[in-house]
Amino acid sequence: MTTITSPTKTIDPFAPELPASAWRFLNHLNPLAKIAAVLPAIVLLVFVRDMTTPLCFIALSYALILAGTRITPRIAALLFLAVPLGVLVIGFGFSIWVDAASVDDTAPFLQIGGWTLSTGALQIGYASALRIAAILALALIAGLTMTGPDLVRAGIQQLRVPYRIGYTALAAYRFVPRFGYELSVIRAAHRVRGHHRGRGPFAAIARGWGYIVPLLASAIRHAERVALAMDARAFGAHPTRTERHLVPFRVRDTVFIALFIAASAVIFALTFPWK
143 MTTITSPTKT
153 IDPFAPELPA
163 SAWRFLNHLN
173 PLAKIAAVLP
183 AIVLLVFVRD
193 MTTPLCFIAL
203 SYALILAGTR
213 ITPRIAALLF
223 LAVPLGVLVI
233 GFGFSIWVDA
243 ASVDDTAPFL
253 QIGGWTLSTG
263 ALQIGYASAL
273 RIAAILALAL
283 IAGLTMTGPD
293 LVRAGIQQLR
303 VPYRIGYTAL
313 AAYRFVPRFG
323 YELSVIRAAH
333 RVRGHHRGRG
343 PFAAIARGWG
353 YIVPLLASAI
363 RHAERVALAM
373 DARAFGAHPT
383 RTERHLVPFR
393 VRDTVFIALF
403 IAASAVIFAL
413 TFPWK
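Using this note's numbering, the letters of the sequence shown correspond one by one to residues 143 to 417.
Read the hints as simulated data drawn from the structure, not as lab findings. Among the clues, some could well be false.
[Said to hold, decoys possible] Computed beta-carbon distance windows for the label pairs:
| hint | residue 1 | residue 2 | range |
| --- | --- | --- | --- |
| 1 | Gly285 | Gly350 | 27 to 33 angstroms |
| 2 | Leu301 | Asp246 | 50 to 56 angstroms |
| 3 | Ile238 | Arg306 | 47 to 53 angstroms |
| 4 | Gly235 | Ala374 | 30 to 36 angstroms |
| 5 | Ala374 | Ala400 | 41 to 47 angstroms |
| 6 | Arg386 | Thr261 | 36 to 42 angstroms |
| 7 | Asp192 | Gly350 | 44 to 50 angstroms |
| 8 | Ala400 | Ile307 | 29 to 35 angstroms |
Note that the Cβ used here is the ideal one computed from N, Cα and C, for glycine as well.
Sequences and hints are given; from them, build the entire structure.
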């Protein structure tokens, strides 16, 4: 029997299905390939002090994200509102803390009484903020287009991470949405019974304290069921296991790594102030 995988789904079988018009190549690359492609640039950006190099990497990252994955309103707000606003605020904050003696030979930009903010301080502050934004943008190439289970399965299949460790992490990852559901049930039950009524910070703390015991009991019961199920299936009894969901490393993954590293090398060669 042949299993046909829809081209609009990510590798993770539990990920939400994308509409047919939203197919993009980044969603179908191996998670390790995306991490391996951006990691060298992220490491080298730590040592960059100019503004041009991080700007080029931000532009490259945005171009890949826009062309390679589906842009939702939430992602668009992150890319075009949150990141620029963060650069403006963080860059100005860094500029204020720059040692004035190191930039006293530059022109003043803002002067309030005896305090002066120079253009040199602004340049240093915004270079640091742009460097942080570039690292974040590079991380989003992988972060927006893969899921936790994809990364765990890729680590087990390609990096030979012991499956006992990998699938324990995967089980813990699956606990998170379940705990959210359990918490919503507990909150609804408390509201129906009229527990911890009132407003204000102390009432919120009292309500939160009342959620701890039932949530902890639910977590223990769920962990016990998972442990019994894994023991019944002889999990960990053999050195290897057969994978149901494969995360293959294809030729296109190697091509993506090579092209991205080549583009990164070109950017560093053209923009990095070598002198």
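Results of checking the hints against the structure:
1. Gly285 with Gly350: 27 to 33 angstroms: 29 angstroms, holds
2. Leu301 with Asp246: 50 to 56 angstroms: Because 51 angstroms falls inside the window, the suggested range holds.
3. Ile238 with Arg306: 47 to 53 angstroms: Distance hint for Ile238, Arg306 holds at roughly 50 angstroms.
4. Gly235 with Ala374: 30 to 36 angstroms: 55 angstroms, violated
5. Ala374 with Ala400: 41 to 47 angstroms: 45 angstroms, holds
6. Arg386 with Thr261: 36 to 42 angstroms: Given a distance of about 59 angstroms, which is not inside 36 to 42 angstroms, the answer is violated.
7. Asp192 with Gly350: 44 to 50 angstroms: 47 angstroms, holds
8. Ala400 with Ile307: 29 to 35 angstroms: 30 angstroms Cβ-Cβ, so the 29 to 35 angstroms window holds.
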